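Start from the sequences and build out the full structure, keeping to the hints where you can.
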Amino acid sequence: MDETDRAIINMLQGGFPICERPYAEAGRALGLGEDELLERIASLLERGFLSRFGPMYHAERMGGALTLAAMRVPPSDFERVAAIVNDFPEVAHNYERAHEFNMWFVLATETPQRIGEVIRAIERETGYPVYDMPKQEEFYVGLRFVV
Amino acid sequence: MPDLTECLDDLDRRIILATQEGLPLVPQPYHAIAGMLGVAPREVMARMQRMLETGVIRRIGAVPNHYRLGYTANGMSVWDVPDECIRELGARVGALDCVSHCYHRPRRLPHWPYNLFAMVHGRSRAEVEEKVREIARLLGPDDRGHAVLYSTRILKKTGLRIT
Chain A
1 MDETDRAIIN
11 MLQGGFPICE
21 RPYAEAGRAL
31 GLGEDELLER
41 IASLLERGFL
51 SRFGPMYHAE
61 RMGGALTLAA
71 MRVPPSDFER
81 VAAIVNDFPE
91 VAHNYERAHE
101 FNMWFVLATE
111 TPQRIGEVIR
121 AIERETGYPV
131 YDMPKQEEFY
141 VGLRFVV
Chain B
1001 MPDLTECLDD
1011 LDRRIILATQ
1021 EGLPLVPQPY
1031 HAIAGMLGVA
1041 PREVMARMQR
1051 MLETGVIRRI
1061 GAVPNHYRLG
1071 YTANGMSVWD
1081 VPDECIRELG
1091 ARVGALDCVS
1101 HCYHRPRRLP
1111 HWPYNLFAMV
1121 HGRSRAEVEE
1131 KVREIARLLG
1141 PDDRGHAVLY
1151 STRILKKTGL
1161 RIT
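Here the protein sequences come in this chain order: A and B. First residue of the first sequence? That's 1 in my numbering, and the numbers climb one at a time after it. First residue of the second sequence? That's 1001 in my numbering, and the numbers climb one at a time after it.
In case anyone wonders, no lab produced these hints; they're calculated from the structure. Here the structure is a predicted model, which means the values were calculated and not measured. Any given hint could be a false lead.
[Claimed, not checked] Simulated coverage check for chain B against chain A, where a stretch passes if three residues somewhere in it have a Cβ under 8 Å from a Cβ of chain A:
| # | segment |
| --- | --- |
| 1 | 1045-1055 |
| 2 | 1097-1106 |
| 3 | 1139-1146 |
[Stated by the list, open to error] Simulated DEER-style distance windows between Cβ atoms:
| # | chain 1 | residue 1 | chain 2 | residue 2 | range |
| --- | --- | --- | --- | --- | --- |
| 4 | A | Ala83 | B | Ser1151 | 40 to 48 Å |
| 5 | B | Pro1027 | A | Glu125 | 36 to 44 Å |
| 6 | B | Leu1025 | A | Pro129 | 43 to 51 Å |
| 7 | B | Arg1144 | A | Arg21 | 51 to 59 Å |
| 8 | A | Gly14 | B | Arg1137 | 24 to 32 Å |
In this text, a Cβ means the ideal position worked out from N, Cα and C, and glycines have one as well.
Printed below as a string of structure tokens:
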């Protein structure tokens, strides 16, 4: 990655125009031609420095529901529980974390009531309580990850 | 949170499906989407502008891969702060560098006393810990207890997708 790549990542986290030639417009602010910006973005994606480029959608506002849920699983039973939880297609991410609450997963469902159904099913199949921690408020973050 | 589902029609959903993997890397990406969907480019741009304004699209742009960029340590810092000032405190914590997400979530007493969640990224665990100390200093006496949960393993990771 060179300075131009860093400038692209830093600036394009802040937004991208909706217009006829958006890469040309964004490129002007970076001092790059349209073709060069396109090539740079493609290369950053290919090399994995960007995980994606485009619109980020807000799940709840598309009609779906999202929550963060946690479990306290005895280490000896962890793999069995992880397999059960991961088997639900509604589980989008699942992380092991070093804490008494050692399993943390995001549920994404098409309807709000489905969240409760999946949580109850996980509790039934694993035998452990699931702590539902839906966001009550999201605080603004700059959305800039300076590199 | 307002439910805007009813405001999204079939064309909006087709635009979402066509772009959730990313924006086409061609000089006229909105024209390319319009071509795939068989509608006018102006219509695609107007729909996307409206979804941006209503918050269905959070933003359009680059999503960095923190790990690949060297930010390999991430800690979910969780804080027990007084409910009556959580909005002000959450706004200040969210404004700090290297906090990528900041949420108010419910406590689950007696086991889980924390109501403010801030995801902290750093190049090392030491850097994450320095950031956590910075948050603690900012919160002062409103920090009634906190913890940092480091991820030790990704058990599953699929994108959020609509179908």
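To see whether the hints hold, each was checked on the structure:
| no. | hint | verdict |
| --- | --- | --- |
| 1 | 1045-1055 | holds (count 7) |
| 2 | 1097-1106 | holds (count 10) |
| 3 | 1139-1146 | violated (count 0) |
| 4 | A:Ala83 x B:Ser1151: 40 to 48 Å | 18 Å, violated |
| 5 | B:Pro1027 x A:Glu125: 36 to 44 Å | 51 Å, violated |
| 6 | B:Leu1025 x A:Pro129: 43 to 51 Å | 46 Å, holds |
| 7 | B:Arg1144 x A:Arg21: 51 to 59 Å | 53 Å, holds |
| 8 | A:Gly14 x B:Arg1137: 24 to 32 Å | 28 Å, holds |
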